[in-house]
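Colleague: Single-letter residue listing:
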Amino acid sequence: MAVIINKDTRVVVQGITGSQGQFHAGQMLAFGTQVVGGVNFDKAGQEIHGVPVYATVHEAVAKGGANASIMFVPAPGAKDAAYEAINAGIKVLVLIPEHVPTQETMEIMQYAKQYGCRVIGPNTFGLISPGEKAKMGIMPNHIYRPGPVGVVARSGTLSYEIAFTLTNAGLGQTTVIGMGGDRVIGTNFVDALELFNADPATEAIVMVGEIGGIQEEMAAEYIKANVKKPVVAYLAGKAAPAGKRMGHAGAIIEGNRGTYQSKVEALTGAGVKVAALPWEVAELVGKALK
Amino acid sequence: MKLYEYLAKRMMAEHGVPTGGGILCETPEQAEEAARKIGPCAIKAQVLVGGRGKAGGIKLANTPEEAKVRASEILGMNLKGFTVDKVLVDPQIKIEKEFYVSITLDGLVKLPLIMASAFGGVEIESVAHENIVFSHVDITTGLLPYQTREIARKIGLTGDLAKQFGKVLIGMYNAFRKYDAELVEINPLALTENGTKLVAADGRFNVEDDALFRHPEFPTVEEGTELEQKVKKIGLAFVQLDGDIAVMANGAGMAMGTLDVLSAYGGRPANFLDAGGGSGVEPTAQAFDALLGTKPKGIFVNIFGGITRCDLVAEAIIQVKKSKGIDVPLVVRMVGTNDVRGREMLAENGIEAYTEMGEAARAAVKAAYGKEA
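Quick mapping for you: the protein sequence lines, in order, are chains A and B.
Just so you know, we're using our numbering here: the first sequence kicks off at 81 and counts up by one.
Just so you know, we're using our numbering here: the second sequence kicks off at -4 and counts up by one.
With the rest of the complex left out, here is chain A (with noise of 0.2 Å):
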């Protein structure tokens, strides 16, 4: 079992004659992900990884039955390419690009939300759903194996790092999720911790935060109210100075808002385990599920 993604999923890849539309869409079909197809307007009928060139999204969903969508395209096109996907009927939109402005990722997120379509991103990794083979993402293959643990991460690179050490520990993933790192994004730790919370495969949950915003505070109330399973979380940002943007566009400490020891507070109140350094969470997990 996993949340949003599984073997059923059918993923149309918009871009995929960019350089990086190609490359991670060889890499999700040597995941074992149903890729069917892609689209650029100018090259339809080619083929790329054997897999069929759309010349829109709507031929991708009628020809090729997908039902889902991951945008390699450049931030200037964005909103007009998520609204294709979500016009014609896409139910799961992964938003790679980063910089995308927040006003049309705005309209993006009103759209989605009339046609029931869910929205990742934008400015994330993507998700990806181990033991269903299901990868809709830019992340590395090799770290992760189907297993009991959900994670939710607002960043990449450190999510990675962590699902390498729960791998290498021997703990498995049901699904892993890239919020974004975004001031505005589809599906934020409060979603996610609905779904994990449901997924009857899910037996611990993992959640990478960050400085900046309330979405931490928001999940630890979720949690508090709603949540049985075992969570554990690591904060980046404990380092990091007010004011200052530290990569991620929602990732700042604005006043009091935002701070490390505010989210840390509200966690630990809600019973969650919050490892000091990004290893320990592998060790937390590990504990929690015995």
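Bear in mind the hints are in silico, worked out from the structure with no lab data behind them.
Source: prediction; values computed, not measured.
Treat the hints with caution; some may be incorrect.
Unchecked claim - Per the computed footprint, the stretches of chain A lying under chain B, defined by three or more beta-carbons under 8 Å from a beta-carbon of chain B, are:
(1) 113 to 120
(2) 229 to 237
(3) 259 to 268
(4) 274 to 283
(5) 317 to 328
(6) 355 to 363
Unchecked claim - Partner residues aside, some chain B positions facing chain A, computed with beta carbon under 7 Å:
(7) Gly102
(8) Ile134
(9) Ala232
(10) Asp255
Ideal Cβ placement from N, Cα and C applies to all residues, glycine included.
With the hints as your guide, set chain B onto chain A.
Modeller: Same frame as chain A, now just chain B:
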């Protein structure tokens, strides 16, 4: 990116918001000329710092001659680290009451948020929550007049003033959308002319950096230290800190985590640097070279290769070592894509590389300070 008050007001005036008709001046003579046109005036330094009034950046003048003298006092003055090279000459107005109104991006609700209050003129953070009206705009339908009427009533405006307020709000919203703002604020929105007219007495307008590619019309304001600007030009996220161990990692979260781990072992990080996902050899080498230029006590490189290839990071480091030499202790931790090759390349060039993050961080602290912290 923040815009100067005069530009903020220009963007709003373009969309029908009354802003008082101030004149931008760069010399005392221009200020004198401006005062001749508009009468008694306020001369306001155009700088992007708060509290400029208290710092002497706003002065009143009743005659053109006085305006010239006051402008000459303000122009060239240093306000909290910024030299004033422009002043806005605004008409003096008699204010009956001050309102507050702004539009921002609410990341949680994922919609633009209007905030309005009858208790303006002070920072909104100091206004009690129950005295602020919060109202989200459905970004796919836009701001309609009915919503402005609802807000107007809640802050005590009726009749013609409610209509004026609606015009202000819709003008602000249209400017907010057109210029991809993350903040449009009028504080105070002043009630003048014996309570018959609303005027924007001050304005703030922040354009989102990610949308600047669509707005070449705005002059760029360089923010950050010289080093921050230099690394930003390479295209990487960089923040200068006050420590003495330079840090390079790939990915924003990983870079933050690296600072935390280094600090946990007693290291003092000199910077945050996200060397990016899949950057080539050249930008990585440039960034590494920039770090070296800060004369740190040590350098710690922490790479978890995904899209980033460890062998290319190794190549970048070796390139800098060969061309310029690395005269400070360097500790590298490298795992992930092509890590074995990367570590071999480094070893061939006399640089030791670790696989465990904690062990590497501890070694970096020891190498930099000559002892365990």
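Colleague: All hints are to be evaluated individually against the structure, with a verdict given for each.
Modeller: Status of the hints after comparison with the structure:
no.: 1; hint: 113 to 120; result: violated (count 0)
no.: 2; hint: 229 to 237; result: holds (count 5)
no.: 3; hint: 259 to 268; result: holds (count 3)
no.: 4; hint: 274 to 283; result: violated (count 0)
no.: 5; hint: 317 to 328; result: holds (count 10)
no.: 6; hint: 355 to 363; result: holds (count 4)
no.: 7; hint: Gly102; result: holds (4 Å)
no.: 8; hint: Ile134; result: holds (5 Å)
no.: 9; hint: Ala232; result: holds (4 Å)
no.: 10; hint: Asp255; result: holds (5 Å)
Of the numbered hints listed earlier, those contradicted by the structure are 1, 4.
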